[in-house]
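Protein chains: 4
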Amino acid sequence: MTAKAFDIGTAQALLAEVFAPWVQALDLRVQMVEPSGVVLRLPSAPALARVGGILCGQAMMAAADTAMVLAVSAAAGGFRPMTTVQLQTSFMRPIVGRDALVDARVLRLGKTLAFGEITIRGDGEPGPAAHATTTYALL
Amino acid sequence: MTAKAFDIGTAQALLAEVFAPWVQALDLRVQMVEPSGVVLRLPSAPALARVGGILCGQAMMAAADTAMVLAVSAAAGGFRPMTTVQLQTSFMRPIVGRDALVDARVLRLGKTLAFGEITIRGDGEPGPAAHATTTYALL
Amino acid sequence: MTAKAFDIGTAQALLAEVFAPWVQALDLRVQMVEPSGVVLRLPSAPALARVGGILCGQAMMAAADTAMVLAVSAAAGGFRPMTTVQLQTSFMRPIVGRDALVDARVLRLGKTLAFGEITIRGDGEPGPAAHATTTYALL
Amino acid sequence: MTAKAFDIGTAQALLAEVFAPWVQALDLRVQMVEPSGVVLRLPSAPALARVGGILCGQAMMAAADTAMVLAVSAAAGGFRPMTTVQLQTSFMRPIVGRDALVDARVLRLGKTLAFGEITIRGDGEPGPAAHATTTYALL
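These protein sequence lines map, in sequence, to chains A, B, C and D. Offset between the first sequence (1-based) and this note's numbering: plus 21. Offset between the second sequence (1-based) and this note's numbering: plus 21. Offset between the third sequence (1-based) and this note's numbering: plus 21. Offset between the fourth sequence (1-based) and this note's numbering: plus 21.
Just chain A, same shape as in the assembly (with noise of 0.2 angstroms):
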């Protein structure tokens, strides 16, 4: 195939694409792409903030998902129509004022079904603040 890598410009491009104008609202950065994985930057910004400045889960749940969409994308080598199946989303720590940071890894990308594992941490902390998986079916 002498298709254009699935590169970070790629996947930036994908986010403002594929995606609901309400995750564009996210405005979430594409940092890094690899080919088992990606990572989004979500800024710190006061719409993500419920009472007492902390971001709010529903924005975690959607950057994951969000961001493991790109990371099959990278995983197949290009953008593949794919929904969904299911997200599980664990939530370990709080992350007040801070951008978080979206690490999307493919744990097995199948003929029909893909897996992955997401982990978020507020930029420069230690520990994670969510830690997400999910299953994919591709179409």
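By construction, these hints were calculated from the structure, which means they are not laboratory data. Backbone N, C-alpha and C fix where the C-beta goes; we use that ideal spot for every residue, glycine too.
From the derived model, a few chain D residues whose C-beta atoms are all more than 10 angstroms from chain B: (1) 33; (2) 42; (3) 67; (4) 72; (5) 103; (6) 113; (7) 117.
Computed, partial: chain C to chain D, Cβ under 10 angstroms: (8) 40; (9) 41; (10) 42; (11) 43; (12) 45; (13) 66; (14) 68; (15) 69; (16) 87; (17) 106; (18) 108; (19) 109; (20) 110; (21) 113.
Following the hints, position chains B, C and D against chain A.
For chains B, C and D alone, kept in the frame of chain A given last:
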């Protein structure tokens, strides 16, 4: 207890108080409040649709989490500070061009943990579009 | 197809055919078969109890997974080869010195994926002891 | 603290003390204990194989749950009474005719909740066969 009941008005007001503005942009509307659960309406909106006009999964997860905070408050007789421990969502059918109805039920309200399940349907459709289970820590 | 219905006898026979001997040691007994689900009884047994006489969670997860294979078969009109994609279980209350009733329901039977939920109760107890959701790939 | 370390011997002894006999029948063997996790070996056995000689998923879930109890104990510096709140397992590849290695890591040890993830591989195989995430309540 002389407290006012936790009713539709209380629940709707809570939506505007404790959730992040980005979550409030979902425009969730409380349809029903019962001792063990709530039903919210997630109005169809172009901002929530991904390619093909399909209601994005990110919005369904966010609505599920938000609905359960209200359901736990209903079961507890009033808002209680709480934090989501985990939320697992399965996506079963697309919702296209319809409002979504988000039915959140408390399965168990313990002293420190609450468990619930959420079923999301396209308005007027028989089968569930998504189903979630969740655990909250009561603070 | 002139196949016999998938009934209690068929389901009980399947338990002895396709599951591992270690799973058969749970001694699960089919109580009810319906088009959308099954109910199994997990008899109380010292071998399944951990310290304090509490039914171990491992047995509840195993019973949930096993019951759903039968429920999907019931919904499909007969046994179909399938594989568990994921299973999420929440543990809400202990079961002590009682049989457990395992109620497995198919939420959606698609062409390649089936979704279900399982509720486990102590026999005679009102509230659920455990609740699980699961996805299967139909082969 | 003058307490004896939580080491392989302590962990192996714990396997024989606090788990149900049916779980002990898995014959799990502690391979490694570290401050943040443990590795157990689940020996290949005909009793654990379903049709086709495939290690049954029920045994993998049971091993994951059991391993995490030991991992949390390792992280806490000794056995602590705890109860599983939820466990989510994804099944990615079959294990056939091989031992399974069960690697349980604590992601966060809080005051009342502990979070972890478990990766199960066929011995000698590069890719994961199953991956689980879990929450425990510390009593």
